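Peer 1: If you want the building blocks of each chain, they are given just below.
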Amino acid sequence: MPALHRDDIAHLARLSRLQLTDAERDHYGEQLEVILAAVARVAEVAADDVPPTTHAVPVVNVTRPDVVVPCLPRGDVLSGAPAAEDDRFRVPRILDEEEQ
Amino acid sequence: MSDLTRLDASETAASVAAGQVTAREVTSAHLDRVNQTDEQVHAFLHIDRNLALAAADAVDAARAAGEPLGPLAGVPLALKDVFTMRGAPTTCGSKILDGWRPPYDSTVVERLRQAGVVVLGKTNMDEFAMGSSTENSAFGVTHNPWDLQRIPGGSSGGSSAAVAARQAPLAIGTDTGGSIRQPAAVTGIVGVKPTYGAVSRYGLVAFSSSLDQGGPFARTVLDAALLHEVMAGHDPKDATSIDAPVPPVVAAARGELGGVDGLKVGVVSQLQGEGYEPGVQARFDEVVELLTSMGADVVEVSCPSFDYALPAYYLIAPSECSSNLARFDGMRYGLRAGDDGANGVEQVMAITRAEGFGPEVKRRIMLGTYALSAGYYDAYYGQAQKVRTLIRRDFEAAYRDVDVLLSPTTPTVAFPIGERADDPIAMYKADLATLPSSLYGGPAMSLPAGLGDEDLPVGVQLMAAVQRDEQVYRVGAALESALQERWGGPLLDRVPELVQGGAA
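These protein sequence lines map, in sequence, to chains A and B.
Under our numbering, the first residue of the first sequence is numbered 19, with each subsequent residue one higher.
Under our numbering, the first residue of the second sequence is numbered 77, with each subsequent residue one higher.
These are calculated hints, taken from the structure and not from any lab test.
Every value quoted in this text rests on a predicted model; they were computed, and no experiment measured them.
Quick reminder that beta carbons are idealized off the backbone N, C-alpha and C, glycines included.
One or more hints might be untrue.
What the hints assert, rightly or not - As a list, the in silico DMTMM-like pairs of lysine to aspartate or glutamate whose alpha-carbon atoms are at most 20 Å apart:
1) B:K438 <-> A:E48
2) B:K438 <-> A:D105
3) B:K505 <-> B:E353
4) B:K313 <-> B:D415
5) B:K438 <-> A:D84
6) B:K505 <-> A:E42
7) B:K505 <-> A:D40
8) B:K505 <-> B:D529
9) B:K438 <-> A:D26
10) B:K340 <-> B:E556
11) B:K340 <-> B:D314
12) B:K171 <-> B:E362
13) B:K340 <-> B:D477
14) B:K340 <-> B:D373
15) B:K438 <-> A:E42
16) B:K505 <-> B:E362
17) B:K171 <-> B:E186
18) B:K340 <-> B:E472
19) B:K171 <-> B:D415
20) B:K438 <-> A:E51
21) B:K505 <-> B:D415
22) B:K313 <-> A:D44
23) B:K438 <-> A:D40
24) B:K340 <-> B:E376
25) B:K313 <-> B:E472
26) B:K171 <-> B:D361
27) B:K171 <-> A:E42
28) B:K340 <-> B:D361
Said to hold, decoys possible - Some residues of chain B that are not near chain A, with every Cβ distance over 12 Å (derived):
29) Q225
30) D416
31) A473
32) L567
Start from the sequences and build out the full structure, keeping to the hints where you can.
Peer 2: Structure below.
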């Protein structure tokens with residue numbers, strides 16, 4: 019297992035959409051190294067000829083009848099929104115200045 | 077009736093149906109008990125007295141009108157705050173959902189309503205069900221009624237504490253790696269993880285979708301079976317829901333399928349001995365002897381891949397969690413932070429999630445993101461899924477020879493609050509014995525086995541093959557009655573009273 023550097027944790031945090039302080043990066047970095055070292059043991063068993071299990075009780079091709087049913091009323095859906103405007107979710111800008 | 081909080085769920089339902097007591101009286105008695113004890117226990121995050129009494133009144137009105145009542149009509153229940161319910165908040169123990177009121181009911185809640193079960197409120201839990209102590213809640217710790225300085229287990233610790241403290245005869249939890257069975261064990265009650273897919277996950281906020289399963293907490297095996305039957309059954313709204321009849325769990329709990337005489341019981345070599353506290357091992361050995369004396373054929377079974385359940389689980393569950401929790405981005409519901417007009421959407425998401433999630437959730441999201449990232453996927457997540465296959469094969473081989481498997485539920489009794497709070501690996505070890513059947517998907521029950529070190533409860537775990545849930549109830553009920561005969565009553569009779577100067 020490669021050692022986790024501060025840059026690696028910063029990269030992971032960015033992928034995870036988590037803003038971390040330098041102190042948090044160091045703390046989580048140490049803990050993640052310990053956890054990864056413990057879980058890397060899965061490599062000791064299970065050779066190439068073992069198929070993966072994705073679900074405990076496999077079910078396939080689950081469909082429902084193609085019937086139109088009403089969705090939730092707009093007011094109910096927007097009632098939990100952190101910000102709403104004109105019957106829509108209001109979100110922060112999605113492009114950086116230079117991309118606009 | 078003297079004290080309605082001492083009745084089992086089945087007794088309560090019978091009394092309500094017979095008109096000896098009203099659902100309103102039963103509900104009031106339990107709400108009073110919550111008032112008296114929850115300052116010490118802190119099992120509940122949200123209680124709505126009026127909502128609960130309205131549900132009780134609906135049961136009383138239905139009875140007065142001569143309508144047929146469900147098997148648990150008028151029985152109070154504590155609901156883990158991970159299931160959506162209209163009219164109440166759903167927080168999942170997280171600041172990121174603080175105050176969120178879901179616009180829809182989970183299927184489980186819908187079924188409880190149909191059955192006439194009275195939901196008292198929502199219970200505390202480790203944030204997004206990640207933890208084994210309920211210390212990871214953003215809204216304070218829950219205390220074990222047996223010793224208020226100790227953890228009630230987790231992640232469903234509010235639900236286990238509520239039942240052990242007689243705040244409710246029934247509770248619902250969810251189990252991803254042991255989050256029903258471990259809290260049940262350390263609080264001296266019954267907890268069941270049904271077969272994966274038995275209980276609908278619609279409206280259950282997802283942690284690890286291939287493992288999450290709702291299930292019952294109760295003081296008796298029969299009560300757990302009655303609630304199991306109400307909760308379970310096919311739901312078209314959950315694509316992983318099993319489209320088959322619910323196994324006869326109530327009949328099994330009533331002893332109608334027979335006892336343990338002639339049944340083959342396997343003791344798992346890998347789930348005992350080293351790492352298990354002497355007091356836990358001693359109670360477990362007594363249970364094995366007891367089963368033998370009751371006519372069961374007890375054999376030792378080796379499941380070598382179980383040694384890899386912990387590493388496999390702590391790759392699979394965090395991987396699925398990192399994907400599932402991406403939905404908490406501060407856009408459509410829940411907390412939004414840093415939206416000052418200058419920050420772009422990605423920064424707002426990162427600030428929101430930094431403020432909204434606690435340390436364990438952050439650890440697992442980053443761990444899962446790592447395990448799923450290019451270059452590491454095969455070595456970690458892919459390899460863990462192969463281990464899952466090996467564990468399944470060990471179970472399938474075992475169930476060709478035995479009817480149920482047996483182990484201690486947890487390696488230790490309830491540990492002191494704070495002891496493992498910032499030591500993830502030590503915390504993860506609380507799930508050592510419960511993880512294998514989670515990865516396999518079969519049903520598993522924790523049942524009180526007596527008191528271990530420091531006079532704290534010890535649980536024994538019964539496991540069975542996929543869709544053979546009735547087997548754990550059959551053996552559980554027989555064992556429960558033999559143990560209670562030995563103890564001279566239920567183990568829970570020995571839990572501290574909690575109310576100062578309170579009479580029984």
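Peer 1: For every hint, state whether the structure bears it out.
Peer 2: Hint by hint, here is what the structure shows:
| no. | hint | in the structure |
| --- | --- | --- |
| 1 | B:K438 <-> A:E48 | holds (14 Å) |
| 2 | B:K438 <-> A:D105 | violated (33 Å) |
| 3 | B:K505 <-> B:E353 | holds (13 Å) |
| 4 | B:K313 <-> B:D415 | violated (35 Å) |
| 5 | B:K438 <-> A:D84 | violated (39 Å) |
| 6 | B:K505 <-> A:E42 | violated (24 Å) |
| 7 | B:K505 <-> A:D40 | violated (29 Å) |
| 8 | B:K505 <-> B:D529 | holds (18 Å) |
| 9 | B:K438 <-> A:D26 | holds (15 Å) |
| 10 | B:K340 <-> B:E556 | holds (18 Å) |
| 11 | B:K340 <-> B:D314 | violated (34 Å) |
| 12 | B:K171 <-> B:E362 | violated (44 Å) |
| 13 | B:K340 <-> B:D477 | holds (8 Å) |
| 14 | B:K340 <-> B:D373 | holds (5 Å) |
| 15 | B:K438 <-> A:E42 | holds (10 Å) |
| 16 | B:K505 <-> B:E362 | violated (24 Å) |
| 17 | B:K171 <-> B:E186 | violated (26 Å) |
| 18 | B:K340 <-> B:E472 | holds (15 Å) |
| 19 | B:K171 <-> B:D415 | holds (17 Å) |
| 20 | B:K438 <-> A:E51 | holds (14 Å) |
| 21 | B:K505 <-> B:D415 | violated (40 Å) |
| 22 | B:K313 <-> A:D44 | violated (43 Å) |
| 23 | B:K438 <-> A:D40 | holds (15 Å) |
| 24 | B:K340 <-> B:E376 | holds (10 Å) |
| 25 | B:K313 <-> B:E472 | violated (29 Å) |
| 26 | B:K171 <-> B:D361 | violated (43 Å) |
| 27 | B:K171 <-> A:E42 | holds (19 Å) |
| 28 | B:K340 <-> B:D361 | holds (17 Å) |
| 29 | Q225 | holds (26 Å) |
| 30 | D416 | violated (9 Å) |
| 31 | A473 | holds (15 Å) |
| 32 | L567 | holds (31 Å) |
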